[in-house]
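**Q** Each chain, letter by letter, is given below.
Number of protein chains: 2
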Amino acid sequence: MTKFNKITIIGVGLIGGSIGLAIKKRRLACEVIGVFRRTSTLRRALKHKAIDRGTMSIEDGVKDSDFIILATPVLLIPTIAREVIKYAKKGAIITDAGSTKEWLVNKIERTLKPSKPVFFVGSHPMAGSEHSGVEFANGDLLKDSPCIVTKTGRTNKNTLGKVVGFWKGLGARVEIMSPASHDRSVSFISHLPHLVAFSLAGTVSEKELRYAAEGFKDTTRVALSDARLWADIFLSNQKEILKSARLFEKYYKKIIKALARRKYSEVARLLEAARAKRSKFTNGR
Amino acid sequence: MTKFNKITIIGVGLIGGSIGLAIKKRRLACEVIGVFRRTSTLRRALKHKAIDRGTMSIEDGVKDSDFIILATPVLLIPTIAREVIKYAKKGAIITDAGSTKEWLVNKIERTLKPSKPVFFVGSHPMAGSEHSGVEFANGDLLKDSPCIVTKTGRTNKNTLGKVVGFWKGLGARVEIMSPASHDRSVSFISHLPHLVAFSLAGTVSEKELRYAAEGFKDTTRVALSDARLWADIFLSNQKEILKSARLFEKYYKKIIKALARRKYSEVARLLEAARAKRSKFTNGR
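Residue numbers (this note's numbering), protein chains in the order written: chain F, 1316 to 1600; chain G, 1316 to 1600.
The following block holds chain F by itself, in its conformation from the complex (with noise of 0.2 angstroms):
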């Protein structure tokens, strides 16, 4: 892959915090520069050796980059990815770490000037926890977990070989989609599994919360994430969410209507044949 004189990370939370470390760790660049809102989340991040130099300022921070990710909450992506395209040098490649694609590629590739050579393609590091910040960030996040990087008729076809060599470079199994699959595929297997999570955890009252167990536990772990950080996530892919959840209504509801009938084997059967294929997750892996 590409070693790159400097990468600049936008946004040096859990996911960009991580990046970076894992780039330190790898030696993919020569210089790690992160950009911050806050003084404090700076100090935090130096602290952490997650970057080797933080700024305030986006165009300090990108001017002389040669590869910027956006690791920014999902909804200012395109609003910072604007200024990054005023600042970026010539030739300067940019990506994302966010949870949604189609309206966010779509913006950004609005935004691109054809007199500007400046580089985007779509990124999602499908990594992560319940934890968010720098604190919890560490080099082996990306290690082995799914990247999703996104092709439409825009993109470049130099750059996108460039991404995808700087994922994989990370450690990461990087697939190629249109935006648009992207958000269908992670609105089942992310954003839903999130939405019933948060769900079961607002319905269960605190007396019950005394006897819960592992079961209980896991099911509702990604309900300790950051509430609007997944706002941002649900409201950004809100169709392809929708769509999901009439999906897992179906199946809930054939469950719950077979057993308000007391039929037996039909709840069997529904049982079992989740049960298989989620079996096939595991053995995926």
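Fair warning: there could be bad hints in the mix.
The list treats identical chains as interchangeable, and a pair is accepted whether it falls inside one copy or across any two copies.
With a Cα cut of at most 27 angstroms, we get these calculated DSSO-like pairs of lysine-lysine [to be verified]:
{"id": "1", "residue 1": "Lys1362", "residue 2": "Lys1405"}
{"id": "2", "residue 1": "Lys1595", "residue 2": "Lys1422"}
{"id": "3", "residue 1": "Lys1592", "residue 2": "Lys1532"}
{"id": "4", "residue 1": "Lys1522", "residue 2": "Lys1472"}
{"id": "5", "residue 1": "Lys1428", "residue 2": "Lys1404"}
{"id": "6", "residue 1": "Lys1565", "residue 2": "Lys1472"}
{"id": "7", "residue 1": "Lys1554", "residue 2": "Lys1578"}
{"id": "8", "residue 1": "Lys1592", "residue 2": "Lys1522"}
{"id": "9", "residue 1": "Lys1558", "residue 2": "Lys1572"}
{"id": "10", "residue 1": "Lys1522", "residue 2": "Lys1458"}
{"id": "11", "residue 1": "Lys1558", "residue 2": "Lys1569"}
{"id": "12", "residue 1": "Lys1458", "residue 2": "Lys1592"}
{"id": "13", "residue 1": "Lys1565", "residue 2": "Lys1578"}
{"id": "14", "residue 1": "Lys1558", "residue 2": "Lys1595"}
{"id": "15", "residue 1": "Lys1339", "residue 2": "Lys1364"}
{"id": "16", "residue 1": "Lys1568", "residue 2": "Lys1558"}
No lab work stands behind these hints, which were simulated from the structure alone. None of the values given here were measured: they were computed from a predicted structure.
Keeping the supplied structure of chain F fixed, place chain G upon it in accordance with the hints.
**A** For chain G alone, coordinates are given in the frame of chain F:
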């Protein structure tokens, strides 16, 4: 706690086997006897050292026993209890490990004859995993996990004390409550999460599973559980599960409605309320 001479476990799978291993590890009985329906399971339980002696006959297994634990699939427990009561010696204590309590405790209490001093107290050791079978049993499964012991108008106080002492002896955190309270609580913190996890796993297509990451994995882990075992549990606690499900749907639909209307602050508020609740569970451990 009371040390028993002979303890019998009927149904030596994940839970029954873990109880056997824990009794032997903590030397709470002179002999642990297992009762089986299949010789293959008997051999596996002996090989795994979960019991000292195995038999295919309930009569043989319980006739000299001081303490008898029914750890079969939940729908079978009352039928087996009827046999056990017939052959148990005077003064024997019977308990179970079933996931629902009210119908089961009612049924067994009605089987008890005042003329024969055999005692029953319902239990629910809330440990387990998505696995089943004695191969996955381990002597620390119950350690620090909640165990609910039920009390009714017919419960003998002395027996209650011995059953509570037994589970505490295995390291469990015991709570005493009525069978109805138990069923309401577990419908929220165990049965409903299983129902939702099965529904989620049933919704996702195999293609999308390729991109699934930690969030999906944890949220749907319990959907790897034995389908017939869980169909049993769902049917046995049908009324309470359907009630809990309605509360879940209420919360879920609030989020969906706010999302459909793009009401960002309402979505964020609902997610934050759920997150705050879930975070109380983590702190409690």
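**Q** Of the numbered hints stated earlier in the document, which are not met by this structure?
**A** Hint check: 1, 2 and 6 fail, others pass.
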